[in-house]
Amino acid sequence: MCLAIPGLIESIYVQDNINMAKVNFGGVKRATCLAYVPHAKAGDYVLVHVGFALSVINEQEAQSTLQVLKDIGELDEI
Amino acid sequence: MKYLDEYRDSTLAQQLSQRIHKATKHNWTIMEVCGGQTHSILQYGLEDLLPETIELLHGPGCPVCVTPLELIDKAVAIASRQDVIFCSFGDMLRVPGSQNDLLGVKAQGFDVRIVYSPLDCLAIAKNNPDKQVVFFAVGFETTAPANAMSVRQAKTLGLGNFSILTSHVTVPPVITSILQSVDNRVQAFLGPGHVCSVMGWKQYETISNHYKIPIVITGFEPTDLLEGILRCVLQLEAGEYKVENQYARAVEKEGNIAAQSIVEEVFDVSDRMWRGLGSIPKSGYKLSYDYADFDAERIFQLETISAEEPAVCISGQILRGLKKPHECPAFANMCTPETPLGATMVSSEGTCAAYYKYGRIGQTK
Ligand code: SF4
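Chains A and B, in that order, give the protein sequences. For the first sequence, the working numbering gives the first residue as 1, with consecutive numbering after it. For the second sequence, the working numbering gives the first residue as 1, with consecutive numbering after it.
So here's chain B without its partners, still in its complex pose (with noise of 0.2 Å):
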């Protein structure tokens, strides 16, 4: 496919690999935020293009991982109800919640339906007027200007019928508590190419600079990963520190105008709990007041449902970076994609998961 094939290109990706090697001339650490390229680097096998001094951190861009236990609790609550017609992502199906998943509930006979796009809901909504429409609205900044519209058609089209349970988190929060925490070992990111095809990459601008960290906007093809870590080990090595743009095909320093403004018209922002990470400061959005009548939360009146994550799971120091999955007694045997414990074992996003998937069992780099 056009724009997918050309940068999958195995000649190019064995020169980058060549490059690399030539201009590492130290030890470095450099974490992909994003789910979608921890994915990409194991399936693709990238790790064994890198000179041995560089290791790759794999960050907490997995929306779904993060998504806590008790939202997945909420969750299986609203469509465990005979008056409601619950919508999600595929990907959130077979998360554990505490007792229970969505796909537990649809074969109990509830009605929950895998939607390609929120605004599939809107038609749902339309043609079930008796029933409750609610959408899992989970995701980062890429996913949010779609459940925004959602909402916001939905009130323009007067549907009365139509919900969202919110689980929206944001980057530059979560990267700027790894940053603090004392224990990083982070030197430098590749930032989350579809996320700043939304935001844009200002925000990463001050982040850059305050930290003195690189980092490199990227792409999800293998050259891009492969050219997003060539462009972090020369700012590195050559002591800078600024934000480049490897994705500058779909990627824009303003980003989209158009979505921002209209997530910002739907949503406010909230401080957020994290799967594996706990809470963090404004790292989230809310309805805002305008739209409140389209909070599943408030519709269903649903008492805060605590949850305890299985202390053996180390997901929260993966999550930054700091522990690998074969460092956890439960990875592989009592923690499997089937079985998941913990956050980065519910998607094949997450590490955990990818690390199983990609047999790097006893990987330990």
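This is chain A alone, in the form it adopts within the complex (with noise of 0.2 Å):
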């Protein structure tokens, strides 16, 4: 229920005063709200639930989870 997954933003438009976007969830298009997430734009990702974004995916971050993920591999090898 509490399900959010990650998206790029197509395009952005305003309805009814609010900001909207095109989403692309790896093929599958869907309208979504960006009224939490003001400084979004076009080619970021963003985490999306039932339609609205709730934040902007922090590449750098995303990068050092990765990374972590990895050196501990890196230290069971030694």
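If you are wondering where the hints come from, they were derived from the structure by calculation, not from laboratory data. Glycine residues also receive a C-beta, built at the ideal position from the N, C-alpha and C atoms. There may be inaccurate statements among the hints.
[Said to hold, decoys possible] Computed, partial: chain A to chain B, Cβ under 7 Å:
1. 6
2. 10
3. 12
4. 14
5. 28
6. 43
7. 55
8. 58
9. 69
[What the hints assert, rightly or not] Under 8 Å between C-beta atoms, here's a sample of chain B residues computed to sit facing chain A:
10. 3
11. 12
12. 19
13. 43
14. 44
15. 45
16. 118
17. 149
18. 153
19. 194
20. 197
21. 200
22. 248
23. 258
Using the supplied hints, reconstruct the complex from the two chains, each of which is provided in its own coordinate frame.
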């Protein structure tokens, strides 16, 4: 129920005075409300739950999480 | 898909599993709060990657499961009216009320619709001015901003034929109530990543300090969950307790301030009933005074329908991590996902349903 998945903002438009976007989820496109991520722009990945973007995915943090995981693997090989 | 597949990498998962094995010297019980996490753990068989000495307890974080029977009955009553279009997220339709579920109401010919987003209901309300459009606003803090926005927009747009039936619950009060119970077994929590993307984690620092318990805010993919478990184990073995954020790609300490402020505007904190757990003080939201006109319970004047849970069901103890599904005599015979008797079987994220689906019927761990 609290499922939220990352999608790519393709384009932004305004509807009833709120910012909306067309967001691409691996090919499936959905209208998504951007009211809670006012700084999001086309090309950003956002975490979307029931048609609302809750956060812009932090690319740097995403990379560093993966790096930590990979380092754990290398530690084991020593 | 980007930001999903990389966190499902089986080599990384194996390496994390080895690290957890090496780090674990004692017996530990760790609770994942969120139903989505429970589902992933069972779907990917993550418990098989853990040492015998680590027990995962599956927590109360499935809003579908904990919505009280009484509210399902109210939803059924509202939906069974000719003048109503009743809108809901898909997973509420099969949740049984005392007599009927929403799917049954739909089958009787009433207008019950599944929506993807609460904003969809506003378009339906605009297009059907002669009908009352009611949305079943269920959820944790993750969903509250979306539901709050639908009400706020309805007010802005002057939509007089839209209202919500509110069943909003919040995580910190329920984990506090678990920690306060005398028979509590939880020694560390995997914190709910998506709830925290909205609320941040300051409230969790208060809980961690007060109860001296590690809390690791964790994502939903296999390597997220394993890393969250590893970080819990490292804290437990070192005798430490603090909040860590494993899900930094989506969660900031302050959370989403814009979302929090609309939730605060539209909702007030209130006591809430939890299916299986009973009433918990200040554990959810109701519509605030300024938005009371959008309260479906007021509009439809539903006299309180009280409903009893089947006595055999031990879902209250399962939600607190005290029992596992196999300890319930009804599990997988009287009670199945097709004929659910209690909270933890009604949604695919519920512990009983997830154990059933992934074949852990005889599972004793
Ligand atoms: S199997 Fe059914 S009756 Fe038993 S605890 Fe789970 S939900 Fe309740």
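message: Need the list of violated hint numbers for this structure, in ascending order.
response: 2, 3, 4, 5, 6, 13, 14, 15 and 21
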